[in-house]
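J.: These are the residues of each chain, in order.
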Amino acid sequence: MAGGLNDLFSRFGGRRGETPGETGAPAASSVPDLAYPTKALPKFLGNMAAKPTPALLDLGPVVGANVSFFGEELGCRIRVEDVFGDIERHAASGTLDALPEYFRTRFKSEPGTVDGILCWDVFDYLERAAAASLAAALARLLVAEGSLLGFFSTASDAGRAQYTKYVVVDQGNLRYRTYPGTRVRQRSLQNRDIIKLFESLRVSDSFLMKTNMREIIFRKPAYLAGL
Amino acid sequence: MWKRDESAKPATTPAPAPAPAATPAHTPAVPSGGDYRPQNARDTVNIGKSVFIKGELSGSEDLTIEGNVEGRIELKENTLTIGPNGKIRAEVFAKQVIVLGEVTGNVTATEKVDIRDNGSVDGDVTSPRVAIAEGAHFRGAIDMQRSGQSATAAVSKPVVKESPVAAPVAAAHKAGA
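Quick note, the sequences are listed as chains Z and C, same order.
Using our numbering, count along the first sequence one by one with no gaps and you end on 227.
Using our numbering, count along the second sequence one by one with no gaps and you end on 177.
No lab work stands behind these hints: they were computed from the structure.
Keep in mind that this is a model prediction, so the values were computed, not measured.
Certain hints may be false.
30 Å max Cα-Cα, derived DSS-like pairs, lysine-lysine [what the hints assert, rightly or not]: (1) K54(C) x K112(C); (2) K51(Z) x K112(C); (3) K87(C) x K165(Z).
Facing chain C, a subset of chain Z residues (Cβ under 7 Å, in silico) [as the list claims (entries may be wrong)]: (4) G64; (5) V67; (6) R77; (7) I78; (8) R79.
A few chain Z residues that face chain C, going by a derived Cβ cut-off under 8 Å, partial list only [what the hints assert, rightly or not]: (9) V62; (10) S68; (11) G71; (12) E72; (13) G75; (14) V80.
A virtual CB, placed ideally from N, CA and C, is assigned to each residue, including glycine.
Isolated chain Z, as found in the complex (with noise of 0.2 Å):
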């Protein structure tokens, strides 16, 4: 009874100090340090430790602790492709428009050869269009049974013109590090959306996080390998 009854409060308070994502809304912006749980990064890095030498695609900015991270936790190969800096280089020259082809000859690798794909929450950031051009992008690049993860936000962040880097802290709690930019988070996707988004891909998991964050790991199923 107590348990249940802790539990009831924890899903409405949350206990300060411990886990400030649970405490409602995403105050990363005002206290850009702190750590965050995350459930799908588990799974995401679980469906990578089965392959022996996977490759990972991370759509972030760099981040050495996520690196290194990646590097020492599964022994991957690691393709950093900074996503979010060519939406801020388009938004600052006004030419967002040109997304969508952009997307369609961005990545270099060959179809079918990555393992994991790490979207962070790019989507948020792109108009329908382009979202859609970079997904199926994304979904040629996957190998069969390959993963990719993507965040979307479910709450409006108030016009901020602002990108969060992820900074893995261990396999269950992710810290947001926010910084400057000139595009803000456009409306947030509903999970139908998203699904359609990725029309090529099946949703394995999907979390909705308190941080309204809706957490999402695609597979590629083995039969769409070809496409």
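Since chain Z is already given, all that's left is putting chain C on it; use the hints.
T.: Relative to chain Z, chain C alone:
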């Protein structure tokens, strides 16, 4: 009484005492400053800002590059430091690579690659340990070996590039600094 004397004595006695103590303390500082070398500079070579090297650079001493190098750098058993002014357009093979300047080309280290604040690497990095500082710039792929595995089969795959380098322990130094 005696204690007072003693406390007073050191004030007077140190006068002769520090003299011998001061000289050894000075001697290492002066020559190293005069010789333009860091503390443990015995096995470290510097390539200065104004030096431009095109071709293959190999050796068996630690090397710090502040100038420009184009081609290939091989320090199989040693540390290569690319200083803040260093600009490298080369394939790099070393035991440890520390980047404070700019590198364009693939970097392979048998021990560690350390890209420091304001350092920049445009190329693929192969090393069991890679550290990238917050303000560093990196563009490329990183190949690290699983920490549990020793330097055998799985590891040898990414390090294959290095095998032609493995044989000669070239002491020949083409660095002109």
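J.: Next pair to validate is K51(Z) with K112(C); report whether the Cα-Cα distance is within 30 Å.
T.: Distance ~24 Å between K51(Z) and K112(C) Cα, so the pair holds.
J.: Just to be careful, I want the Cα atoms of K54(C) and K112(C) compared with a cutoff of 30 Å; is the pair within it?
T.: With Cα atoms ~25 Å apart, K54(C) and K112(C) stay inside 30 Å; holds.
J.: Given G64(Z) was flagged as interface, is its beta-carbon under 7 Å from a beta-carbon of chain C?
T.: holds (3 Å)
J.: Does V80(Z) pass the interface check with chain C, least Cβ-Cβ distance below 8 Å?
T.: This interface hint holds because 6 Å falls under the 8 Å limit.
J.: So, G75(Z) near chain C? Judge it on the closest CB pair being under 8 Å.
T.: holds (3 Å)
J.: Should the hint that R77(Z) touches chain C count as held when the rule is a Cβ pair under 7 Å?
T.: R77(Z) check passes; min Cβ-Cβ to chain C is 5 Å, inside 7 Å.
J.: Does the CB of E72(Z) sit less than 8 Å away from some CB of chain C?
T.: holds (5 Å)
J.: Can the restraint linking K87(C) and K165(Z) be considered satisfied, given a maximum Cα separation of 30 Å?
T.: Cα-Cα ~28 Å, so holds.
J.: With a cut-off of 8 Å, does the beta carbon of V62(Z) approach a beta carbon of chain C closely enough for the hint to hold?
T.: OK, holds: V62(Z) within 8 Å of chain C, min 5 Å.
J.: Given a cut of 8 Å on the nearest C-beta pair, is the interface hint for S68(Z) held or broken against chain C?
T.: holds (6 Å)
J.: Should the hint that R79(Z) touches chain C count as held when the rule is a Cβ pair under 7 Å?
T.: holds (4 Å)
J.: With 8 Å as the cut and Cβ atoms as the points, is G71(Z) at the interface with chain C?
T.: holds (3 Å)
Checked against the numbered hints given earlier, this structure breaks none of them.
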